[in-house]
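Student: FYI, the numbering for the sequence shown is 1 to 261, going by the UniProt record's numbering.
Source of the hints: derived by calculation from the structure; they are not laboratory data.
Straight line, CA to CA, 16 Å or less: simulated EDC-like cross-link-like pairs of lysine to aspartate or glutamate:
(1) K201 - E83
(2) K185 - D144
(3) K248 - E217
(4) K95 - E239
(5) K70 - E251
Just so you know, these numbers come straight off a predicted model, no measurement behind them.
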Amino acid sequence: MAIMLCGCGRTDVKKEGSESTQEETAETLSQGKESWWLKRREGNQPPEVSDHVDLSKYDAYYIDPKVSKKKKCIYLTFDCGYENGFTPKILDILKKQKATAAFFVTKPFIRENPDLVKRMKKEGHVVGNHTVHHKSMPSLSDRDNKQEILDCAEYCKEATGYEMDQFIRPPMGEYSEESLALTKKLGYKTIFWSMAYVDFKVDDQPGKEFVIKHFNEYAHNGAIPLLHNVSQSNAEALEDVIKQLRKKGFEFLSLKKLPNY
1 MAIMLCGCGR TDVKKEGSES TQEETAETLS QGKESWWLKR REGNQPPEVS DHVDLSKYDA
61 YYIDPKVSKK KKCIYLTFDC GYENGFTPKI LDILKKQKAT AAFFVTKPFI RENPDLVKRM
121 KKEGHVVGNH TVHHKSMPSL SDRDNKQEIL DCAEYCKEAT GYEMDQFIRP PMGEYSEESL
181 ALTKKLGYKT IFWSMAYVDF KVDDQPGKEF VIKHFNEYAH NGAIPLLHNV SQSNAEALED
241 VIKQLRKKGF EFLSLKKLPN Y
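Modelling step: build the complete structure from the supplied sequences, incorporating the hints.
Tutor: Following this line, the structure appears as structure tokens:
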């Protein structure tokens, strides 16, 4: 069964104001909306995923493409649209366990929680771009997408004194060839995911034991899990998940360690 957290399929979108890239003109790039999806595989194997686009052309990742068979690794990532009281606990656990993660933040999150963003940076985590307004990127022109990305990064510097790391997670996992080409042109690596579950519904949480079981069954070498900072279940399970994965030989790596294609 395919896991489609944000929907799946193709919607043709006609937009104005799109800029061309150095390699390809806007006319040759698809503007059709895609939604990232995955189909889980048992036995701690990487999932089947969307294959509409060659991710390597656009510096886009859902998994470490060059994992070593001798050493297992995993890249924890959290999407942060707003604060629900659990991010400090998540950071406390990561610090205690000496594990690194990436946090993809929106401009409103930065504005409302500058000290949390400062702490993320001070403690060695990646702070990535989740845009200003969390809009579907393929529904916007290149000009508007560029503004969404650059304004978020500029505000991060202004509000915290720290530069935003050049990694981006497309809101809702929605993308097009054109939007991927733009983010690459702006110097960003796009980060999708190879593990996910419904953790973002704050009033309908999966529970601590579900999270632990999910990682036990589906964590794989080179995994990039999608987590949400608003999840109580994630906050309650994180320490056990880290300990469990370390016993299995996993190392927690920063997205900065992702190899080039």
